[in-house]
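Those protein sequence lines, which keep their order, are chains H and A. So that you can map any letter, position 205 of the first sequence is 205 in our numbering, and since no number is skipped, the others follow by simple counting. Count along the second sequence starting at 1, add 1000, and that's the number in our numbering.
The set of hints was computed from the structure by calculation and includes no laboratory data. Treat the hints with care, since some could be wrong.
Unchecked claim - On the chain A side, residues computed to face chain H include the following (Cβ under 7 angstroms):
| hint | residue |
| --- | --- |
| 1 | Gly1063 |
| 2 | Arg1065 |
| 3 | Ala1071 |
| 4 | Glu1092 |
| 5 | Ile1111 |
| 6 | Phe1154 |
| 7 | Gly1155 |
| 8 | Pro1163 |
| 9 | Phe1168 |
| 10 | Leu1170 |
Claimed, not checked - Which residues of chain A face chain H? A partial, calculated answer using Cβ under 8 angstroms:
| hint | residue |
| --- | --- |
| 11 | Ala1066 |
| 12 | Leu1094 |
| 13 | Ala1095 |
| 14 | Gly1113 |
| 15 | Pro1165 |
Claimed, not checked - If you want the ones that stay clear, here's a sample from chain A, every Cβ over 12 angstroms from chain H, calculated:
| hint | residue |
| --- | --- |
| 16 | Leu1124 |
| 17 | Glu1131 |
| 18 | Gly1133 |
C-beta atoms are modelled at their ideal positions from N, C-alpha and C, and glycine is treated no differently.
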Amino acid sequence: MILADLALDLDVFQGPFDLLLALVLREEVELADVPIAEIVVAYVAAAYERDELDLESASEFLVLIAALLEIKVRQLFGDEFADDEDMTPEQAHAELMARLIEYRRFQGAAGWLGERGSEFPRVFRAGPAPLVPRPEPVVVEFSEDPWSLATCIDRLLIPPPVIDVSSVRRPLVPVETFVAHFREILRSRRSFQFEDAVAGLDRLAQAAAFLALLEMTKRGEVDPQQEDVFEPIHVAAAGAAVRESRAIA
Amino acid sequence: MSELTHTVEALLFVASEPLSVGELAAVTDAPPERVERALDALTDRYAEDRSGVVLERVAGGYGFRASKATAEACARLLDRPLARGLSQAALETLAIIAYLQPVSRPEIARIRGVAADSAVAGLLERSLIEEAGRAETPGTPVVYRTTTVFERMFGLDGMEGLPSPSQFELTDADHQALRARLHLVADQRAGEA
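With the sequences and hints as input, model every part of the structure.
Here's what the structure looks like:
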């Protein structure tokens, strides 16, 4: 909206806004008689009717209205504005003195309040009183970046690749082999120590050897003896006395 | 103790503001004279050195507060309940508001010669002052007045509890000293110019 288009219908003036401005500046219209609020209302109404707000014209309007207001205020209250400048040094001195005296009185009152307030704390219920913040639990400072923790978790959440074990052969240790082996030993000796017989074998083979021993015991071929848990196992052919076998060994 | 005394005691205990005789009489539905007798009995029972809490006539009513002996410990529990924590600027601003209320920020600034914004904000935060509408002067600034918290914190039973302003009038000697200082400053300025 162009400001020149803004038609005004005021008591003192009827016509476009820019003509009013020109007349005011040429002092052909008394600014004191121009109701500025009505101009603003007219502008807002016109802008509302057009349903658009041109920022450029709006700011131009604001600047013009502000200038008009300032001129009008200076015309209306000119004397009061000039007050400070017209003061004589004596007047300024007296004014300053009066202000200082007033200030001193309130300083005195402030002193009284300060003393009164520091006699002892007057503590009373004032609604839900805000409590002093409780001491924070001790937090151990970590130098690590929390994101590195997140990265670790991220890595751990990826399932490891499945290992192909189809090519690995399962070692087969038949119990019968050990049964034959133990029979062979007992053919040449009356007894032997189980640990010596299986020394050097892997765990699976040792387990198979033990099963063979149990099997032979069940069949009544051998008579194993162990003095205590985890003690050496002496194996003798069934019927042979362990003590005797030990003596021989 | 009478049943009324017990009721008044409980009312004062649960209230967070001082209660006036009128308020207590209305709530208990008892004549003001009997309420006053009950208050006398309670004031006697809750006196300094007799109890951890003290019943005090304050802010136009009656209210419990911590006794002098227990106040320090209570103050440690509460967040900034002390009037002692107030700065000089805050105290001066508070004094101006107390005597001139309702008063606006520009008026306080005119008297103190510096802006009062932060002092006013601090006093508002401590609930020592509150807004009391707007002035009719140009710009219609917000005006402030003191609160019952102010009266309680300084142990005042109403604004009459404040000392007369004449108490703070400057003596002739003060006037002379002030005038002399003013002349000194003026001479220094003249010398500089």
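Quick one: which hint numbers does this structure break? Sort them smallest to largest. none
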